[in-house]
Amino acid sequence: MLNNGQGASLGVRAGRMPMFMARIYRRLSATGPYFTLLGLVLWVGTWWLLCEVFSVPRFEKMPGPVVVLSELFSPQPFLGVSVFTEEYYAHMWASCRRIFFAFCIATGVGVPLGLFMGWSRKFRDYTFPILEILRPIPILAWVPLAILMFKGFESPVIFLATLASLYVSTLNTLLGVDSIDESYFRAAGCLGSKPHHIFWHVVVPGALPFMFTGLQISIGVAWFSLVAAEMVSGDWGLGYLIVDAYMNNVTVPMVIGMITLGFVGWFTSVLVRIVGDRMMQWRTRALAMENR
Amino acid sequence: MAASVAVNQSTAPGAAAKGAVSIRNVTKVYDPEGVNVMAVDDCSMEIAAGEVCMVVGPSGCGKTTLLNAIAGFHSITAGEIHLDGELLCGPDKPLAEQGADRVVVFQNGALFPWKTLRDNVAYGPLVRGQLSKRDALDKAAQMLADVGLAEFAEKYPGEVSSGMARRAEIVRALINDPKVLLLDEPYRAMDELTKSIMHEALLEMYDRTRVTMFFITHDLEEAIFLGDRVVVMTTRPCRTKKIVDVNIPRPRDYHLLSSEAFRLLVEEASEAVHEEALKAFTAGERELA
Ligand SMILES: Nc1ncnc2c1ncn2[C@@H]1O[C@H](COP(=O)(O)OP(=O)(O)OP(=O)(O)O)[C@@H](O)[C@H]1O
Ligand SMILES: [Mg+2]
Numbered sequence: 011m012l013n014n015g016q017g018a019s020l021g022v023r024a025g026r027m028p029m030f031m032a033r034i035y036r037r038l039s040a041t042g043p044y045f046t047l048l049g050l051v052l053w054v055g056t057w058w059l060l061c062e063v064f065s066v067p068r069f070e071k072m073p074g075p076v077v078v079l080s081e082l083f084s085p086q087p088f089l090g091v092s093v094f095t096e097e098y099y100a101h102m103w104a105s106c107r108r109i110f111f112a113f114c115i116a117t118g119v120g121v122p123l124g125l126f127m128g129w130s131r132k133f134r135d136y137t138f139p140i141l142e143i144l145r146p147i148p149i150l151a152w153v154p155l156a157i158l159m160f161k162g163f164e165s166p167v168i169f170l171a172t173l174a175s176l177y178v179s180t181l182n183t184l185l186g187v188d189s190i191d192e193s194y195f196r197a198a199g200c201l202g203s204k205p206h207h208i209f210w211h212v213v214v215p216g217a218l219p220f221m222f223t224g225l226q227i228s229i230g231v232a233w234f235s236l237v238a239a240e241m242v243s244g245d246w247g248l249g250y251l252i253v254d255a256y257m258n259n260v261t262v263p264m265v266i267g268m269i270t271l272g273f274v275g276w277f278t279s280v281l282v283r284i285v286g287d288r289m290m291q292w293r294t295r296a297l298a299m300e301n302r
Numbered sequence: 026m027a028a029s030v031a032v033n034q035s036t037a038p039g040a041a042a043k044g045a046v047s048i049r050n051v052t053k054v055y056d057p058e059g060v061n062v063m064a065v066d067d068c069s070m071e072i073a074a075g076e077v078c079m080v081v082g083p084s085g086c087g088k089t090t091l092l093n094a095i096a097g098f099h100s101i102t103a104g105e106i107h108l109d110g111e112l113l114c115g116p117d118k119p120l121a122e123q124g125a126d127r128v129v130v131f132q133n134g135a136l137f138p139w140k141t142l143r144d145n146v147a148y149g150p151l152v153r154g155q156l157s158k159r160d161a162l163d164k165a166a167q168m169l170a171d172v173g174l175a176e177f178a179e180k181y182p183g184e185v186s187s188g189m190a191r192r193a194e195i196v197r198a199l200i201n202d203p204k205v206l207l208l209d210e211p212y213r214a215m216d217e218l219t220k221s222i223m224h225e226a227l228l229e230m231y232d233r234t235r236v237t238m239f240f241i242t243h244d245l246e247e248a249i250f251l252g253d254r255v256v257v258m259t260t261r262p263c264r265t266k267k268i269v270d271v272n273i274p275r276p277r278d279y280h281l282l283s284s285e286a287f288r289l290l291v292e293e294a295s296e297a298v299h300e301e302a303l304k305a306f307t308a309g310e311r312e313l314a
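Heads up: the protein sequence lines correspond to chains A and B, in order.
Numbering-wise (our numbering), the first sequence opens with residue 11 and increments by one.
Numbering-wise (our numbering), the second sequence opens with residue 26 and increments by one.
Bear in mind the hints are in silico, worked out from the structure with no lab data behind them.
Any given hint might turn out to be false.
Within a straight-line C-alpha distance of at most 27 Å, the following computed DSS-like cross-link-like pairs (lysine-lysine) qualify [as the list claims (entries may be wrong)]:
(1) B:LYS220 / B:LYS267
(2) A:LYS204 / A:LYS132
(3) B:LYS43 / B:LYS304
(4) B:LYS140 / B:LYS43
(5) B:LYS118 / A:LYS204
(6) B:LYS158 / B:LYS118
(7) B:LYS158 / A:LYS204
(8) A:LYS204 / B:LYS140
(9) B:LYS118 / A:LYS132
(10) B:LYS267 / B:LYS304
(11) B:LYS140 / B:LYS158
(12) A:LYS204 / B:LYS43
(13) B:LYS140 / B:LYS266
One chain only, chain B, in its complex shape (with noise of 0.2 Å):
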């Protein structure tokens, strides 16, 4: 219990805030076969400690790929990424390390299903020897209560709805007091309404934590409406084209979506996407034909 106030007391708003990426000059080509496929060229980008930063560009232009590298699911082939101003891959190390302050949460979710929601919130702890099975358990019921899943904790991911799973998820990668959270299109199969539940929870999580977010999404009102910064991607090969402020104070709510500062963002937005969608479309035809 103690260890859970300390770390609440870390990520207090206002704490010392952590979680800085950089991007400088990053490559990957995949080489399946003998065929290159370069999915990101050059690319940089820097996240601010404690930024949400939300990433748009067309489908299929690397924007996983970019994520998994920061991860160290995979290596680059070129440049290098810092977090807080350590190397995490570069040049001599192309593969950066898994470690529990960069968490994933997954597109089509990955709570293990055969573990309880509890469980799967302790497991990290658990494994990194950072708490007493006791206290690791003691401490992810706390945190489901927090996100208003105190009577699931007990249920196995296959028992909850999908929403309710996520959620688990993102208390999941929480739990281990991230520097940064990754998330590869998290709401992606969802229908509007779980999806506005969805941002609200996350919006409240993320005022309780100030955790950096590297967030890739398709949809630019979700984008706006979560963000503090939109960077949309060119077309593969990936590099950044557009970066939106989005300088629309927190916290956020709902009444957000029908301002005109937002419709006048969302617009902005849309435009550099629609360019490059329809860039990747004819890319695409080009090379049917």
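Isolated chain A (complex conformation) (with noise of 0.2 Å):
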């Protein structure tokens, strides 16, 4: 009955598949993913070329994809990492952890300052100006006081990840909130709505689609100084790993612990927009409708 409206449309060509038939059918008659393949190919060709079949000046430095590729799958790596080793996994493991504790602290305060900073004028007044003039300082300035303050490999790092995800959570937030219409708080008011009512039904989903591109955005600034924070102060982690292969002059664990990154924060935003996307149903549901 809830899905009405989905099943009718994925019924039209899929006739009688079950459900997830139907969905596997569909995935693989979309062109989208064909145009992503091909991407990836020629963004890999053009870094095999450059790299390894012409060596262009100032590529001949870089390892290529073959180098790289054959060491990652590699069950005993030249240089010290491959998906075959525990260590690739531990430093994989370390920074996901600090991730997971910066990105849930970050999301834990900075969403609930954003909506009481949209919510109230006063509380705005307060705090606005103060978010406005941490902002700028830039994350990598943080570090010597954050290993100053904090004790240890982990907390520092942490800190350090959490601070740059706090300031984008909370004025995303802030920035749902504003961008609610005037409409529904005053419908809210007309039906007879508390000022907690308010909050709860109004404020809270109507900044929900905002949020949630703020925290997609905040988890990739999180990995951002994270890594940063690892090539400073770190035993374990990617952003260490990347740090320790340059001291040692190995380029290709290097390139290893980049790709790594690249693709661990992408799923984690994937990750975040799911749970987007499941707890905006109408919003979900009104998209898919307009066929997008």
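Bring the two chains, given one by one in their own frames, into a single complex with the hints.
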């Protein structure tokens, strides 16, 4: 009953196939994935041509895709890390764990902060200037202070990633509240809402679309500053892997670290988007109606 | 369920009518950065309980301003507004309190897009603690079914046509059993065909509830087809220019549109409106020059 609209539009071509078959059928018959594949091939091809075939100046130092991929998938990696070594996963795990904590703290603090700032004029007047002054300070400038303030390797790194991600989630949530059409507040008001009803039934759901766009950016920013922090302070993590390879003058693990970062970062932002789509069924369904 | 029966009885035709709005010498001056804009000037109007009062006037003359003052969205500068003898806003209290006795239906629609039609309709009774969650949802479902939206109750506003959304919005207002329904050009963006269906649905709802309506529109045929009275406003600052009484018995249906009496009333109103529109136009040109 709930999925009537979607079910019907799928059923048009896929006849009486079960739901999951229909979904696979539609995935395969869409042109999108083929273009993505083509794009990937073009991109890796260019890299290969630049580095390994023609060794264009400035690119001769950079390892080509063949070298990198054969190292990445080799059971006995020449330079230390591949998908068959525990070390590789330990680095990945260290970074992911830090991102998890940083993102949770930043969301847990930033989203309520943004909601209240958007909701209450007074609260915004108190907090907004401080936020605006702190925000332009680059995360890297916080590194020395963070190392002094926090003990060990973990906490300063998590602190830095949290900080970067906090600004983005707060500001986007605030923007989300500002984006809510005045008429929804008025409608809620004339239906007899008290302020807390308006907060839960208008402010929070109305801010969700901007908020989730913000969270997707914020998790990207968290990765960005995490790696910067790991490069300065750390013993594990993908940022550390890259800088460690640099210290040892080997380029292949460096590139492996970079590629891994790209994939893991992408995966986390997709996760955020999926959660967002789940929480905003109203939007997902309306967009689906417009065939987007 | 018991509550819904009670409500239906109290609003049945012949029940004690409620929702008389009295607008007395209301003036509203907007003051953005010291530039005074007088939107409404000494406007008076009496709307009887259970009456459908249609308000027409040139664009920008101050109709929405008047409606917002009744709803409590903004203050008035002078004058007073009463509802059933009780003061809504006046000299000592320029801003009326917002309340579910005066529900607004907005020009662009303001169903919460993040709630299903049923949750939207149940919202009012729920937040006012008037019904339990279960009763509110039951009653919402039933009222939606009454206007032919039973199978769309679980849809989100973004999934239904604008006509259905507008109908659901009126249901969302009526479930609160308001004294006055304030409608600000609810059918403006609709095509003629949808509009005519909307009109019939609205008339049907009115025949059931007899709720007082303050209905702003630009469409004279709509005004005369729906209204008991058509109030033509002057160009800004807004005052009443002319009142056209529509003495056509209810229930009305679409055959009315081709009748001679209807045509004469439209002509009468349109003369007054045209005169004001022309004034507004030349005033606008003078401002530009
Ligand atoms: N918040 C405001 N600040 C300053 N001036 C305003 C404000 N709101 C409305 N006005 C002015 O008051 C006048 C009346 O506006 P209002 O919206 O009430 O007109 P209206 O009759 O509803 O027009 P329309 O038919 O176009 O909806 C307009 O000239 C408008 O520019
Ligand atoms: Mg208006």
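Determine which of the earlier numbered hints do not hold for this structure and return their numbers in increasing order.
The structure breaks hints 3, 4, 6 and 13; every other hint is satisfied.
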